[in-house]
Structure formats: structure tokens, C-alpha cells
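There are 2 protein chains.
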Amino acid sequence: MTLVGGIEAGGTKFVCAVGTGPHDLRERVRIPTATPAETLARCVDYFRNQRERVGAIGIACFGPIDLRPTSPTFGYITSTPKPGWQNVDIRGTMARELGVPVGFDTDVNAAALSEMRWGAGRGRENLLYVTVGTGIGGGVIANGSPVHGLIHPELGHIPVRHDLETDPFPGICPSHGDCLEGLASGPAMHKRWGVAGHELPADHKAWALEAEYLALGVATWIYTLSPERVILGGGVMEQAHMHALIRKRVRELLNRYLDAPQVRDAVDTYIVPPALGGEAGVLGAIVLALNSLS
Amino acid sequence: MTLVGGIEAGGTKFVCAVGTGPHDLRERVRIPTATPAETLARCVDYFRNQRERVGAIGIACFGPIDLRPTSPTFGYITSTPKPGWQNVDIRGTMARELGVPVGFDTDVNAAALSEMRWGAGRGRENLLYVTVGTGIGGGVIANGSPVHGLIHPELGHIPVRHDLETDPFPGICPSHGDCLEGLASGPAMHKRWGVAGHELPADHKAWALEAEYLALGVATWIYTLSPERVILGGGVMEQAHMHALIRKRVRELLNRYLDAPQVRDAVDTYIVPPALGGEAGVLGAIVLALNSLS
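So the protein lines, in turn, are chains A and B. Position 42 of the first sequence, counted from 1, bears residue number 31 in my numbering, the numbering being contiguous throughout. Position 217 of the second sequence, counted from 1, bears residue number 206 in my numbering, the numbering being contiguous throughout.
Hints in this document: simulated from the structure, not taken from any laboratory. Note that this is a predicted model, so its numbers are computed, not measured. Positions of the beta carbon are idealized from the N, C-alpha and C atoms, including for glycine. Heads up, none of these hints are tricks.
Derived DEER-like restraints, expressed as beta-carbon distance ranges: (1) A:R37 - B:S283: 42 to 50 Å; (2) A:G0 - B:L282: 46 to 54 Å; (3) B:G183 - A:S164: 34 to 42 Å.
Based on the provided sequences and hints, a complete structural model is requested.
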């Protein structure tokens, strides 16, 4: 298999690696996200200095990004709130500097692709990958390929049921207030309870409320996308009890209407944690690179 | 183009036709939905009695149905509440009796396919088609093909925000109570207001509430599916003012977060009525038949 390079491009750091898959992932480096010029120059240097030349690059990118190949700003980071990073031609820069094919997608679509290829989504062609952390975002695979469509899914920003009597917290999303991300991201938990989620004991009522919101999201996405498997990751989902709480509540919310044995009898293998853990991102970039060759 | 046959299989009637597309749709008949044996026998007779033999059949079917080609009940109507129609091998029966390829999908996926091929979704590969009438259902095209996944999308059953102070109506969905369909289908309107929707004047407060629920659904689906166009049809959407109310409210709910000119500047051409009207269903069956040949 051709050696390729991957860049997991995030708002705080870029992770670069070369390799061919999870059992052959080499030379990882972390580059702090500084100005676009400085950050991308360090990525270019990293790949140029590899002993073995890579045949392609993949970029799993924070967003929003432009994924329409016919668009004049294809491959750009577009309207991100991250200072200095609006309208940055990240894909074009890497393609010009390195002279190899460049695969490009959202960080979450890329993570979904890596879980489909090597992780918790193997053998599935319709997959949902959601990460609950600083924000709530998700990658969607439908009919075997990542969904882009109009822009790309923004799963965290769906409106959800919000009972102001039991939870008067107004939410923290700058655009929507109490959308799912506004109510249930890591920073939303921190703001509501005054401490970070990982400092709250497992029996704190915060977790039942958190599971309620995430279960509403998961039930909504299941009815809308009909995924063959739901992968829930991110910092908030590292709490050991969260998967069980969410599975139980999703089954209650679906209430047998969705008559699939995967949900009815085997929800433990239907809603699952990621198999690739923290490496799903950079491995997603490796998949994008491999896909750009075929 | 090969002459093919289409069956729009509904809970109250089956519509059969032969043709090749919207400008060549011949010999339509309506067959009341009686027992499976009687209904399917009449469909078989209809196609056998055509002067010209059809090269394939498409069935756009009410559900839930089994769409997994590897399943032992592939092509069956499965757990429908319609008496007598559980576990009916509709696809297999037509294939055996007529000896031609049979395309098979949900009625709403088929309608989405016909709108993509000949109607309001031309040129799009990611499309949402929703019908609001006796129920609320939708077809989803992603990456150029209908989404099946676990079963198929059940868009009407998503949980939605329900403010019991402004709308104490508990909803009528037997499984979920106040899911979107439970709150906003035609029968839900009828139950809440005591008269059918089409009897309510255009300035009745029912319509603002109806638009609110449907806009919550549309915003949720846009964030989840990222469709390039949203087609809203069905009896409830025939009220002339509903499209304008929903477009306005969807834009407010998205609140510029989704930075796409299609939504920001041209929502009138982004959220649209079907172009094929009442023929989308049987034309969808024709598309399924044509697709089964290629």
C-alpha cells in the first residue's frame, strides 16, 4: 500500500503523521495552531523532511469548510470564528507545496471514514459518528460515502426539547442559544454546573440531564439518517456510565416504533464508542489520502 | 427507452401505470387496497393485460418495508398497522408473477427519486422530500441514491420542541404522542382544532403553530442531512401560505449559522413545493423500474 500523509487540522493543534493505517502510523507530530502561514509551512516542512516521499495527503479539517469541487473556494476554511483562519486555502496550499493529490473533508467525516474502514463501523455503509466535547459535531456516511450536500452536516446545532422548568439554563450557542450543542457540549456543562464535567461525580444529576439531551439528538438522527451503527465519542462520552444511560433513553424514545433487532435486542452493539479512540482523526486524514489515490 | 410499469402502493389505494416518464405516463388505474391476495392479483392482471409488455416493474410502497437485499424478508411489507398486510412479500409476488426485474423502495424515497429525475430536485444529489398529510414522511437522497441504512428514514417521528403552555395538545402518535407527526400531521390538526385543516381560514392561529413545528423539523433535517434542496408536499402543504411561513421560520431558526447563499439569499428556491404534484408517487415507481434495468 502507498505511504500517505495525514493532517488532523484542529483549532488548537495540527497533528501530522505518515503511514498506511492503524497498525502502521508513523512519525506523529503536533503543531500548535498559530497563523495559517506559519502552521501550514510547518506541515509542509514535516512532509518534505520525511525519508520516504508520501504519495498523497489527506486533511481532516475543522470547519466550516468548502467541499464543493466546482466552487471557487473549494478546499478553503470559510467562515470559522477562529481569528485569522477565515478564507484560508488549506487544501490548495498543501497541493501546490507538496505536488501530490490531496483528500479533504471535515474532521468528523474523516473520523467516520476511519471508523468505517478500521474501527467500530466496519462493514457498514451508513454510519453516524458523533463527538461530544468542546462542541458537538458529527460525520455522516450514507451509501458508502461521507455526506456533504449543501455544505456538510452540522449535527450539534439541531433544536431539541428544552424544558425550562427542569433546566432553566439558557444554553451557550452564540447562534442558537439552546440548540443541542448549546445545552450539552462540554463548555455548556461547565457553565451550567460551575465545574468541568469530569469533576462531577457519576451520580450527579448532571449526567441524567446530559444523557437526556444526547439521547434526544441520537433518536432524532436515527429517524432522519437510519444509520446502521451510531458511534459516540469525545471527551464527554469518556464518562463510563454515559453510554448505558444514552442507550436506555434512546430505546425509550424510539419506543419500539423502529422495529429493528439492532435497536430492540442489541442496542449495546448499535450505539458504541469509537474503536480508534484519539487516533480516529489523524487516521481519518490517512483514509482521505488513500481515497484520493483511487 | 424501455416501457416499464409502476405501482404506487398505498394504504387506501394502489395506482398502477405504464410509461417511461412524466410526458409518457399511460393507462393509469386505481385499485382500492383490499386484501393482499386480491389487490396484488388485480395489479398482476393489469400489467398482463397491457398491449405492450413492460420490461420492469417498480413498486413505491407504504411501509415499513424491508429493503435489505440480504434479508430473508427483503421486499416485504413488515410491521405495518394495516390489517392483513403484515409480512406480505409484495416484491417477490410481482417478480414471480410477471417475470421481470422489480425495483422496490418506500413511497417517499420513490417520490424523491422522481423529483430528482424530472422535478424540483433536478441536478441535485442530496435531496430531501417530505410529505405532510395523513402522516409525515420523507424520502432522503444522499450521494445520489436513496438512503435505506438500518431500515429507512422515518422523518415524521423525530422528537420536537413542544411548549405545553402555548400548545397543550398531547399529540396523537400511538408510539410517541408528541413527535412531529403526532403534533403536525393532518389528523393531528383535525384532532386539535376539531375541524380539518383545509376548513381553517388562512389567518387562523393553527397555521402559525403548524409552521412552527414543520420549521423545527426542516431545520433539524437541514442540519442533519445537509440537503441541496428541500421539497415539501402533501395535503397540509397545499395551503398556499404555508411555504412562506415555513421558509421565514426556518431562516430564523438557522440564524445565519448555516452560511450558504441558498438559505441566506434564496430560501424561496431552497424550500420548494414538489414539481410533479400528485404524480410524484407513481412516477417514483417508474424511476424504480428504470433503475432496476441498469
